Amino acid sequence: MQAVAAFVALTLAVGVHGQTCDQALTTANNQLMTVDCSNRLPPPSSSSPPSFAAIAVDVLARGNSSLFVPGLCGIPACQANLNSFLTAYPTCTPMIASSYLAPLNALNATCVTLLTSQSSQPAFVTCQVEDMADYLWATTQVMLPLNCAVAIGSSPSTLWYTVHPTLTLSSSNAITSVYCGSPDCVAVTRSIQRTMNNCTFQTGRNLYIETTNLLAYCAANPNPYVNGTCDATVTTANQAYWNPACVNDLQGGAPPTVAAVAADTMANPMGVFATGICGSVNCATQLNSIVSSYPTCTAVSATSYWTQLTNLKSSCTGVVTGTAPTNATCTSLDTAYYTFATCQVRLTPNCAAALASFSYTTSSLWYSVFQAMTLSSSNQLTSTFCSTHACTQLTINTCNGLSNCNNTSMGGTLYTTAVNLLAYCGVVNKTTPRQVVTPFMTTTLSPPPPPTTTTKTVSPP
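Residues in the sequence shown are numbered from 1 upward in steps of one, following full-length UniProt numbering.
Don't read these hints as lab results, they were simulated from the structure. Any given hint might turn out to be false.
Pairwise CB distance ranges (calculated) [to be verified]:
1) S364 x L114: 29 to 35 Å
2) L114 x S378: 29 to 35 Å
3) N327 x L169: 58 to 64 Å
4) T307 x S378: 52 to 58 Å
5) T329 x L215: 49 to 55 Å
6) N39 x L86: 20 to 26 Å
7) M95 x S47: 33 to 39 Å
8) L114 x P222: 28 to 34 Å
Source: prediction; values computed, not measured. Here a beta-carbon is modelled for each residue, glycine too, at the ideal position from N, C-alpha and C.
Please work from the sequences and hints to get the whole structure.
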């Protein structure tokens, strides 16, 4: 009986072209949608094509609220891509890998209903099925950028669409005034406007017109406060960006504003900004300049970050700057990289979808997966991770942001451990330890001068 059971299990596990069923499904699940399709979808799919596993996982989680439902149904190139993919999709029974045949077939069937219902819409509805993908993206997925969120007193995890309905076009609306005064808030609105078609949905909403009107209002009312007032001066100082040299030392990405850094360092005293700015000569130099020129007047409505910035400057005194040599003790800047890698890097949609059977999602930290893997063929998580390009590429990108130093307080040399994982996966080592020139130069920051006028102490937004 045991021999028969083993034979049956082996038979079920056999896939196609000499692969096991698990291997065949893993290969199929990791297949990306065609560029012809992804280019028609809203970001981030337009810039980074999703895998079919990522599409299936999103549809399973969101149902018809997934932008992939109207996106794949309403765009002919996407419909053709889905049909072609399903024709070749393995129908075997896996031992470990996930089969997404059922949800993708269900999606395909939904397309018939959606496209049929399009012809029976009321006359005022001018949007097509594919336009709903853009609408779902704008209303359910776009988060406020960090700089914008801080400017209006919201969390970076706030959806743009939860704020949008409150932005009435009136000078008496304080939120609208502050929103229009933030270049980053205006920028996210513009990106949404450019994505939307000028059409009306069944809800009666036309997001293209709404965002166009908001942008026009902001262009005519760019300043939330009267020029020359303390509020206006403080707001200008808060919205200044950290320079490219500093931002590059802190992992790159979109430059944060002075306000965003001040608010973050207060909330996360051992975070990336708090440790990284002190450890970077470029950042520490700019911090000196920011503090020396920051207005010390008493603002009425604007938030003053004078106290937070001067405290940060004081904490930088005597801190070693630059990155440590290989295997030496990590510096403050190295710790910032480590904190970023372990606390902020999350799984990409394609990597998360490949690891869905292990209960990982796009909310999962890369480091949580990294800690669960062992370099052993018996570790199925490691095997799946290694066979997924999106996961190994994420590891390469993360490694390139790390220094090869010994972080004694956080568990040794993360860079070396990650490189060993890539080697085990059979990935060509394309990583280079991060190094910022001027290692072991100590910052010389004098104590901050006392304010020349009374400074208002305001809680962070």
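For each hint, the structure was consulted:
1. One distance hint, 29 to 35 Å for the beta-carbon pair S364 and L114, holds here, with the actual separation near 31 Å.
2. Remark: the range hint 29 to 35 Å for L114 to S378 is contradicted by a beta-carbon distance near 45 Å.
3. As the Cβ distance of N327 to L169 is approximately 59 Å, the hint placing it in 58 to 64 Å holds.
4. Between T307 and S378 the beta carbons are some 54 Å apart, a value that agrees with the proposed interval 52 to 58 Å.
5. A C-beta distance of roughly 50 Å is found between T329 and L215, which places it inside the suggested range of 49 to 55 Å.
6. Between N39 and L86 the beta carbon distance is about 21 Å. The supplied range of 20 to 26 Å therefore holds.
7. With their beta carbons about 35 Å apart, M95 and S47 fall inside the hinted range of 33 to 39 Å.
8. Look at L114 against P222: about 41 Å separates their beta carbons, and that is not inside 28 to 34 Å.
Hints 2 and 8 from the earlier list are contradicted by this structure; the remaining hints agree with it.
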